[in-house]
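Engineer: Residues per chain, in single letters:
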Amino acid sequence: MELQEIIKSLSLRVETPSTDLHREVKGAYVSDMLSDVIGNSKEGFLWITIQVHLNIIAVASLKNLSGIILVNGRVPAEETLKKAIEEKIPIMTSPLPAFDLVGLLYSLGLRCR
Amino acid sequence: MSSSEGVFFLTGKDFKNAGAASSSLKGILEDMGIPSSIIRRVSIAAFEAEMNTIIYSVAGMMSYSITPEMIKIRVQDMGPGIPDIELAMKEGYSTAPDYIREMGFGSGMGLPNIKKNADVLTVNSLAGEGTTVEFTINLSPAE
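Heads up: the sequence lines are chains A and B, in that order. If you read the first sequence in my numbering, its first letter stands for residue 1, the second for the next number, and so on. If you read the second sequence in my numbering, its first letter stands for residue 1, the second for the next number, and so on.
Next up, chain A with everything else stripped away, as it sits in the complex (with noise of 0.2 Å):
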């Protein structure tokens, strides 16, 4: 599934929008531990946490995920969003908190593995 469309349904705000949104979103992982994402995620995942630092960036970038969602408003940090659009890396946030907005994810046909 392209992550354009999944920014339509699930109306995620784009905080990168000079990255690509077309790329291809293969699955996804829900975790605020950093290691856990880094063990268990896999290569063209969307990523839902509610860490907003610097950090999540060398998470996604390592992993080559296909992007990161903050969830329950959270916003990221000046130096996080700098970081993503260096490394191509797009970021959405969303006011929902994470079980409802992985629940949408599930509904849409995503899952993690």
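Hint data in this document are derived by calculation from the structure and do not stem from the laboratory. Please note that a few of the clues may not be correct.
Examples of chain A residues lying across from chain B (beta carbon under 8 Å, computed) [to be verified]:
no.	residue
1	Asp32
2	Asp36
3	Ala58
Distance condition first, Cα-Cα at most 30 Å in a straight line; then the derived DSBU-like pairs of lysine-lysine [said to hold, decoys possible]:
no.	chain 1	residue 1	chain 2	residue 2
4	A	Lys82	A	Lys42
5	B	Lys13	A	Lys26
6	A	Lys42	A	Lys88
7	B	Lys90	A	Lys88
8	A	Lys42	B	Lys116
9	A	Lys26	A	Lys8
10	B	Lys115	A	Lys88
11	A	Lys82	B	Lys13
12	B	Lys16	A	Lys42
13	A	Lys42	B	Lys13
14	B	Lys116	B	Lys13
15	B	Lys72	A	Lys88
16	B	Lys116	A	Lys88
17	A	Lys82	B	Lys90
18	B	Lys13	A	Lys88
Far from chain A, some chain B residues (derived; all Cβ distances over 12 Å) [what the hints assert, rightly or not]:
no.	residue
19	Ile34
20	Pro35
21	Ile39
22	Val58
23	Lys72
24	Leu87
25	Gly104
26	Ser107
27	Met109
28	Asn117
29	Ser125
Small disclaimer: the values here were computed from a predicted structure and weren't measured. All residues carry an ideal CB built from backbone N, CA and C; glycine is no exception.
With the hints as your guide, set chain B onto chain A.
Structural biologist: Same frame as chain A, but now just chain B:
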């Protein structure tokens, strides 16, 4: 393929520059034309080892040596040391303080992630003196 070696210095609690050494290393490997699947494994293991130094230590260094046969990374820190390495290798075990966990570090998966991505891993530690994590990723599989 040519060989290369070098060293990065790491500063404890410097979360703004955390990951910079592994990221530079990744760039070096890309410039050398190392296969991307290998680069992925090296980068993940190096990032975890780098973060351990940032989280637990006042300072440390990451040295690397790349030969046509293997990539060897050694991360040496001046941290508190690991009293029980076997326990530290268990997924979920962590001694990270609360403020570190709130940032999403300290899930107890750092060393296990390194082990998963390395071909050989050795951890040596002395309480009060520091820890040395050394791992190797093979480039040309033995035939």
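Engineer: Of all the hints numbered above, which does this structure not satisfy? Sort the numbers upward.
Structural biologist: Numbers 5, 7, 17, 21, 25, 26, 27 and 28 - these are the hints that the structure violates, sorted from lowest upward.
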